[in-house]
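Enquirer: All chains, please: the whole structure from these sequences, using the hints.
Keeping their order, the protein sequence lines are chains A and B. Note that numbering that gives the first Met the number 0 has the first sequence beginning at 0, numbered continuously upward. Note that numbering that gives the first Met the number 0 has the second sequence beginning at 0, numbered continuously upward.
Since the hints were made in silico from the structure, they are not lab data. Backbone N, C-alpha and C fix where the C-beta goes; we use that ideal spot for every residue, glycine too. Be a bit skeptical, because a hint or two may be false.
[As the list claims (entries may be wrong)] Which chain B residues stay away from chain A? Per the calculated CB distances, all over 12 Å, these:
{"id": "1", "residue": "D166"}
{"id": "2", "residue": "A282"}
{"id": "3", "residue": "K292"}
{"id": "4", "residue": "L349"}
{"id": "5", "residue": "D400"}
[As the list claims (entries may be wrong)] Covered stretches of chain B (chain A as the covering partner; in silico rule of three or more C-beta atoms under 8 Å from a C-beta of chain A):
{"id": "6", "stretch": "14-27"}
{"id": "7", "stretch": "325-332"}
{"id": "8", "stretch": "379-390"}
[As the list claims (entries may be wrong)] Reference excerpt, derived from the structure (chain B facing chain A, CB under 7 Å, subset only):
{"id": "9", "residue": "D68"}
{"id": "10", "residue": "D175"}
{"id": "11", "residue": "G236"}
{"id": "12", "residue": "D308"}
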Amino acid sequence: MSVFLIIKSLLRRKVITALLLLQLAVTLGLVVNSLLLASAAKDLVDQPTGLALEQILTVRVKPTSTAMRVEPALSEVISRQLAAVRLIPGVEAAEYTNQIPLRQGGSNSNIFETDRQDESNVDSVPYYNTGSQIFQVLGTQLVAGRELTELDKGTQNIILTEKLAKQLFLEQNPVGKSTNQGTVVGVVSDFYSQRYASDPLFGAINFVPMARAEMGYQLIIRVAPGQSEAVRQQLTDVIRNAEPEMDIGTVMRMDENRDEVFRSEIGLATLLAVLSGLMLLVAMISAYSHAHFHALQMQKEVGIKRALGASKARVLLDVLSESWLTTAIGAGFGILVCYALNISLAKVISIPAVPVWLPLLTMVLLLLCVTLATWYPARIATRISPATATKTL
Amino acid sequence: MDALLHNLKLSWHSIKRAPLPYALTLLILSLGLGTFFSNATLYYWMNRDPIPEKSATLFMARLNSVPGDCTDCFEPPRVMSYMDMQKMSGSGITSAEAAMFSSDAYAKTVENQQATPSQVELRITQRDFFKLFNVPFLHGEAWPDNKARMEVVISKNTALKFFSRTDVVGQEMLIDDKLYKVIGVLNDWAMLPRLYDVNGRRSAEPAEDIYIPLETAYDLAIQSNTQNSYFDVDWDGNMATYPQMARNNFANQLQFWVQLDSPEKVQQYQQFLKNLVADEKAAGRHQRPEGNKLDNILNVQKALRATNDQLDAFALVASLFLLVCVVNAGHLSLNRYMANQYEFSLRRALGASRWQLQSQILADVLLSSALAFAAALFFAQLGLWTINSLLPGTRALASWDWQMLGVMALFVLLISYLVTLYPALKTSFSPLNQQLKQ
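Expert: Set out below in structure tokens:
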């Protein structure tokens, strides 16, 4: 059947065709933008964090009695807990810390090189008050200077992440420099610290005792590969046995913390993916029922064609090609819709621009769905025997 | 009435004759409506005015007073220091004012000291908090002034939880091992969205359990669990010096609210803040540029960038989805009516007036509205559940009141009518003999 004839038959049913095209156009626009958001969310989640996500467990704890939240009781409780945790088989290292990396926000402070406050000030840098096993837990590499040891406990010596050191001291050697937070003795490789800090990879580490635990503190544990579930199961009990008057939070693996950080992005992407699936389903239902209805209406026409010698395959192709043409035209308008929707969405959330190939790919997907849905009614149309169809002529 | 019943019966018969197309139309329509309703529900709760009788008079005040010589920092921090709070209070222009922050603690009763303490949410605030936000008291009253005192106001649910009754004024409680006397019990109260504290996008959280005086909290070193920003603070962490340190440094954690009863008062207060900054600058403090903010309670989510953008984006998409579904259902119902056209034409030929046919179609609309409404509510519940498990922080908002249900029912009726309108007109008004010939 020629394209011209199909268009002519479509024009005879203007309203139905217009409705069909509008629906196809919006569907394409939405599916394209959902795919974009989903890929953006995936990039966010998959970005390198500098941490062995599957091998780090964290748990927030807080003493329920106030006496235990200040020194010297606090340090004593923490060392008892850590000693017990380090004995669990599969644990390679464990440490306390005021906060863990891979969070949205948390405790941070400004930092600047002494004497160069105006030029070097960085507003919001996460700081970690922790102990000597922290580097082993995080798995950071030493880039310059030395790591902190037990001897640094309670001193003003600090370690910076590589990116922060570059920001503060440019190309100069950071080791030995003095900041408002203390003297830099070393630089370690970058790890993802806090999303809403001045930069996610900024961080400063010192070995100061917790001093107070009004907000609780975190225990962070490095486990051997594949051991995280085994350790996780025992962890809560081990901590409780070390000190019963303790509010123990949920044990989280680092990749769970990461998913929490990007939760709204992942959530929106999933929601839109669900909605896109529904939209494709709706498009399929519509294509199905349209073809079904049409097949009944066209019974006589098909019968005549068959009587005049058209093969079954030919009739099948006729019905399908009409679906294909409407889908292609609708998807053509859909490309306009998808750019318009992209621009409107960009006003509320951050969404990447539409790459050229994506609408085309989605169009192919849409065509596939429509073909699948049209197949069955089209087959029914071809089954009409010429004799039955032309009986009433 | 009989006519209506007859028409409904006819509709039912026509559905039974071709159940699949009808079910598909209904499915598509209710999917679209359900998605739209679940989003509209959250959107409505997030963006409604929780205190319409006085929202125009409530403002959050902020100063750009943090240290650091930065000439292009015009945006004040989200939270204020104790010093800022003192300067902004006592202007004589406001009719109520209170500083506040949120925290948490473990509480138990004096009688039941052996029990495991349970976690409670705290609001650390001043006397006028209850007046500012029209918080109703069931028993007792607020503190007489803003001085430190070991007295708390508790919510009705907290009273029931710890004492199993509500009239507990004069009773004592242990909160983080400190002894407090209950001086007031609130009636059921919640502000949704919780606009008095939206920092950290916590506007969908429930109201707190226990209210503690601000000065007491500073004395006892109770700190904010939302945001603590220290600027150039040099402190050794010794808790004994905390009260002194926190009151005299840029240890920012407060949100400061004022009630200004008229536009003139608003202007006066703005002028008051302006003069304040000028005086500070003259005294060599307040290094950053003037950046006073006086945000109305309805703008505070935007001002603190605590709006739920994901929900906004989803609102746009859900509306488009509804459009697609309506268009689709319209298309399907057109097909359905055209299949029934012969029957309609026959009735017209036998003398049924066009308006009789219209009333038949209205009965159709009524029936499908009822079915679509039920199905849409089901899908909306499903949608709310999905959204709440994917986008946290909206859990408190997923409920319907009668008013909302009424609006939704009307909306379904309107959409169903819209979907049927064109097909109905087409079948009732197209040339008769042509249709009968087919």
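Enquirer: Verify the interface restraint on D308(B): the C-beta must sit less than 7 Å from at least one C-beta of chain A.
Expert: Because about 5 Å separates D308(B) from the closest Cβ in chain A, which is inside the 7 Å limit, the hint holds.
Enquirer: Against chain A, does K292(B) keep a CB gap of more than 12 Å to every residue?
Expert: Label holds. Min Cβ-Cβ 18 Å, cutoff 12 Å.
Enquirer: Is it correct that the beta-carbon of A282(B) has no partner in chain A closer than or equal to 12 Å?
Expert: holds, 21 Å
Enquirer: If you take the shortest Cβ to Cβ gap from D68(B) to chain A, is it below 7 Å?
Expert: D68(B) check passes; min Cβ-Cβ to chain A is 6 Å, inside 7 Å.
Enquirer: Taking 7 Å as the limit, does the beta-carbon of G236(B) come near enough to a beta-carbon in chain A?
Expert: Constraint on G236(B) satisfied, holds at 4 Å.
Enquirer: Is the listed coverage of the stretch 379-390 of chain B by chain A valid when you require three or more residues with a beta carbon under 8 Å from a beta carbon of that chain?
Expert: With 4 residues closer than 8 Å to chain A, the stretch 379-390 of chain B meets the three-residue bar; holds.
Enquirer: With a C-beta cutoff of 8 Å, work out whether three or more residues of the stretch 14-27 of chain B approach chain A closely enough for the coverage to hold.
Expert: holds (count 4)
Enquirer: When you look at the beta carbon of D166(B), is every beta carbon of chain A farther off than 12 Å?
Expert: Since the minimum Cβ distance to chain A is about 28 Å, D166(B) lies beyond 12 Å and the statement holds.
Enquirer: Over 12 Å from every CB of chain A: does D400(B) meet that, or does the non-interface label fail?
Expert: holds, 25 Å
Enquirer: Checking C-beta pairs, does the stretch 325-332 of chain B have three or more residues closer than 8 Å to chain A?
Expert: Held - the stretch 325-332 of chain B has 5 residues with a Cβ nearer than 8 Å to chain A, which meets the minimum of three.
Enquirer: Tell me if the interface restraint on D175(B) is satisfied: Cβ within less than 7 Å of some Cβ in chain A.
Expert: holds, 5 Å
Enquirer: Is the Cβ of L349(B) more than 12 Å away from each Cβ in chain A?
Expert: Check passes; 23 Å lies beyond 12 Å.
Figure legend: structure checked against the earlier numbered hints; every hint is met.
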